[in-house]
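Work the whole structure out from these sequences, hints included.
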Amino acid sequence: MQQNEIFDINKKLILDPNEVDLEFLTAQLSLLNKTKIDFGDLFFLHQTKERFSLDESIVKSGSFSIECGVGIRAVIGEKTGFAYSDSVDKDSICDCIKAARSISSGHNCDRAAINIDVIKHKPLYTHKNPLTSIAQERKIELLKLLDNKVRSKDPRVIQVSATINSSYRHMLILDNDGRLHADIKPFAQIVVNVIMKQKDRIESGYTSKGGAYLLDNFDSETVIESLANEAIRIASVNLEAQEAPSGTMNVVLGSGWPGVLIHEAVGHGLEGDFNRIGSSLFSNKIGQQVASKSCTIIDDGTMLDRRGSQSIDDEGSPSAHNVLIENGILKSYMMDRQNALLMGVSTTGNGRRESYNCLPMPRMTNTYMQVGNYSKEEILSTVKKGIYATNFAGGQVDITSGQFVFSTSEAYLIENGKVTTPIKGATLIGNGPKTMCEVSMVGNDLSFDAGVGICGKQGQSLPVGIGQPTLKIDALTVGGSNLA
Amino acid sequence: MSQFYNKIQKKEQEFKDKLEFAIDLANKLHVTGYEVNIASKKGLSVSSRNCELENIEFEYDRAMTITIYNGHKQAYAATTDLSHQAIKDTMQAAFELTKYTNDDPCNAVLEEQYLCKEIKDFDVLHEIEDDADAAVNRCIELEQCALDKKAKGIIKSNGANFFSGIYTNGYAASNGFCAVSSASSNSLNLSLIGEQNGKMQTSGGFSSHCNLAKLDSTEKIANEAICDTVDKLDVAPIATGAYNIVFSKQAAITLISNLYKAISGSLIYKQSSFLLDMLDKQVFPNFINIVEDPFVVGRLESSCYDDEGCKRNVTPLIEDGYLRTYLLSSYSARKLKMQPNGHCGGLGSVFVKAKEQCSFEELLANTKRGIVVTELMGQGVDIVSGNYSQGASGYYFENGQRVHAVDEITIASNLKDLFLNIQALANDYDYRYKTKCPSFMIEGITVSSKS
Chain A
1 MQQNEIFDIN KKLILDPNEV DLEFLTAQLS LLNKTKIDFG DLFFLHQTKE RFSLDESIVK
61 SGSFSIECGV GIRAVIGEKT GFAYSDSVDK DSICDCIKAA RSISSGHNCD RAAINIDVIK
121 HKPLYTHKNP LTSIAQERKI ELLKLLDNKV RSKDPRVIQV SATINSSYRH MLILDNDGRL
181 HADIKPFAQI VVNVIMKQKD RIESGYTSKG GAYLLDNFDS ETVIESLANE AIRIASVNLE
241 AQEAPSGTMN VVLGSGWPGV LIHEAVGHGL EGDFNRIGSS LFSNKIGQQV ASKSCTIIDD
301 GTMLDRRGSQ SIDDEGSPSA HNVLIENGIL KSYMMDRQNA LLMGVSTTGN GRRESYNCLP
361 MPRMTNTYMQ VGNYSKEEIL STVKKGIYAT NFAGGQVDIT SGQFVFSTSE AYLIENGKVT
421 TPIKGATLIG NGPKTMCEVS MVGNDLSFDA GVGICGKQGQ SLPVGIGQPT LKIDALTVGG
481 SNLA
Chain B
1 MSQFYNKIQK KEQEFKDKLE FAIDLANKLH VTGYEVNIAS KKGLSVSSRN CELENIEFEY
61 DRAMTITIYN GHKQAYAATT DLSHQAIKDT MQAAFELTKY TNDDPCNAVL EEQYLCKEIK
121 DFDVLHEIED DADAAVNRCI ELEQCALDKK AKGIIKSNGA NFFSGIYTNG YAASNGFCAV
181 SSASSNSLNL SLIGEQNGKM QTSGGFSSHC NLAKLDSTEK IANEAICDTV DKLDVAPIAT
241 GAYNIVFSKQ AAITLISNLY KAISGSLIYK QSSFLLDMLD KQVFPNFINI VEDPFVVGRL
301 ESSCYDDEGC KRNVTPLIED GYLRTYLLSS YSARKLKMQP NGHCGGLGSV FVKAKEQCSF
361 EELLANTKRG IVVTELMGQG VDIVSGNYSQ GASGYYFENG QRVHAVDEIT IASNLKDLFL
421 NIQALANDYD YRYKTKCPSF MIEGITVSSK S
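Sequence lines, in order, name chains A and B. When you line the first sequence up against my numbering, it's residues 1 to 484, in that order. When you line the second sequence up against my numbering, it's residues 1 to 451, in that order.
Don't read these hints as lab results, they were simulated from the structure. Don't take every hint at face value.
[Stated by the list, open to error] Dumping the calculated DSS-like pairs for lysine-lysine here, alpha-carbon to alpha-carbon at most 30 Å:
| no. | chain 1 | residue 1 | chain 2 | residue 2 |
| --- | --- | --- | --- | --- |
| 1 | A | K79 | A | K90 |
| 2 | B | K249 | B | K149 |
| 3 | A | K98 | B | K41 |
| 4 | B | K99 | A | K49 |
| 5 | A | K79 | B | K156 |
[As the list claims (entries may be wrong)] Rough simulated footprint, nothing fancy, chain B against chain A, three-plus residues with beta-carbon under 8 Å:
| no. | region |
| --- | --- |
| 6 | 73-81 |
| 7 | 476-483 |
[As the list claims (entries may be wrong)] Label pairs and their calculated CB-CB ranges:
| no. | chain 1 | residue 1 | chain 2 | residue 2 | range |
| --- | --- | --- | --- | --- | --- |
| 8 | A | G344 | B | K368 | 51 to 57 Å |
| 9 | A | D16 | B | E96 | 23 to 29 Å |
| 10 | A | K90 | B | V314 | 48 to 54 Å |
No residue lacks a Cβ here, since even glycine has one placed at the ideal position from N, Cα and C.
Here it is in structure tokens:
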């Protein structure tokens, strides 16, 4: 049997304290395999989280949590039986196996005995513990430093709140063929929100930084300084913001975080489950044009240190660089094992789940648009009247109709090729493929989000990444209140 | 007493024992104060698609959260493992964290004088469905019922799901409060897909109730799903401009719910709400009253006490258009030098009422021309400034009659103006939601559209 360090750590943490050994698990697998199933797996998770939050210049609260459990599923065709337990002892595992396999009434007698093999994977991030990566006292100091910096920079600041979050996720996946996969993933995040007042007007500015790395990434004066500057800059811009325009117009989206466009307008619609079921407007469109020729869209779970990345997905499949749309043509959907099997394709390493108590689904990792040829200035100079949006508060999509929204948190008017007045937050709305066909210019400045993206689907929240270069959409509806 | 209630009683006793174990441990730590919260959900969740079983999930989640006050320093820790050892470790973890957090004189458990002394039963615990086959059949029957109607425009079912389960929660604190309670929850949902002119739309119907026997009939849920899906199909463009908007169904509730956020004590003391300093000032038109009633029988949100054991009351939020209260926990009350009013955690049932209300049809007829918004989309609501811009869909009407469906539009304004400019309320209450708010009309809102 092969062994590796990550497996050993997870075994000691999750299996050993419960006296669960590989021999017992082998016996459980044969129990799972006794019924006729296409596949099944045991998913063990152990996750610790810590958070310190500052508000009114003091660290008011700290929190710590441990989550540990096992989720067991049996899949036959489109059917899934699923049971989970927050105890990882032998009895609980037995009970879950029995409940999960009740999905199948058929028997499978001739299945050969199974040996458990530990599969080796190349990790994309450190397996060290972010919670202990810097001293507790230092976490407090960093929050206070951030608060101090923000308050000393601008007399209009009336409130600062900031948090430092870290989490440490250990998982073990054992599939019914005896393949055992292990992964350890760290998360670190720092967030600051500033409230500024000018005369009667109150506005906020929010910024953050995070990734699949340790907290020592924030342990620098430069990082804290830049977070403080950015939060103040955004709030200052919003204090000057005028009513946003309404109607359909040219929209230039900045690079990086505005990639929420890609996530909402096409990303969700390309998740395999919706396309197998036929509830997505991208169903049966492989090989067809679904975006302008300048659009190449990729989902890549293999990028180093990024929140959306994963050495293996939550079904044990290695992450991949998947081209979803190439020069406007739809190439592939994102798949988990069940949907891939049903559609006769391979999994793309997109089977993800929030925890042991929910089922995996096809989910995005880091989704972005490939670079184009234009400089940002060239793109802006072509717009007579429109808006330039550089920050967003999030978005939402109806994958059946294709209607999607995303709301600006920092945007400006463009007048005769020049970026002019800041405008108040406005929701942009469009239809996914129609909007992507309106993308007329793509910039050469691809960048990614700051590492705090969260995506929700059917109640499960997951860390994801987004990115894009500056790009121009010829016609998009801008939801401002100004009718002039 | 039936086997079902016996089982629940046993579970509640088990939770009381765990709370007492934690209390004993906490007392030995000699800290200023502590809170222990225990929560669990146990149930069965099933789904069907194309009238066949899709997923069966056996759900059972438990968690304990321990908050420690060491002087005025506060920290908390949570665990999904409820063994004695895990409770010990969790308490120790919370205690350790208080060594690093700062003194905040407002950090404390609720003062005894505000504790709820009398606990009433709101008839929220009933036997649930625990047979997987029966549960699956409910889903399949619902899908079948909808598809059998062969409604024009409906092309397929997007699946049905059913949940039936029990929530058991307990809370104890160093102020002497200790309570454990259970409630049942059942829901049945159907989603359908319709198509017209090559464009698909989806919508659905649902029913939820703590009493399984009181779930709506499959017929009623199927009809709702069909009507709402078909209603979205005949989309035609409208021009950008100012329209009278009738907020209906979930859209009305979503819009009113922004009030709760804006008057929550935590945002008020942080000066992060557009309703800052608006207490006893006019926020809605004079004819509007909004009252919270946490004592409605048969509602899951009903309870005599909030998440820190504070006594809840029937509370007028808006009286003749004037804001009468902030929603305060003990912490935000101390911050604002006010009294806590039972709002640590969620609200009870909220009733939005007007002096005069008409039928939905009359509301449309009186408005003559405009857009009925049934769904709102996206995050474009800024509670700090009140700036408002959301995606919307619904239908266009003229002379009080529906003309065609509308989607891909936005509506934009400021929440302050929207609240103040509500013109008239209908009487089409939907009692499935926590907020009981009928359709209402607001004049002249900017609508942005693709044409």
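Taking each numbered hint in turn, which are not upheld by the structure, reported in ascending numerical order? none
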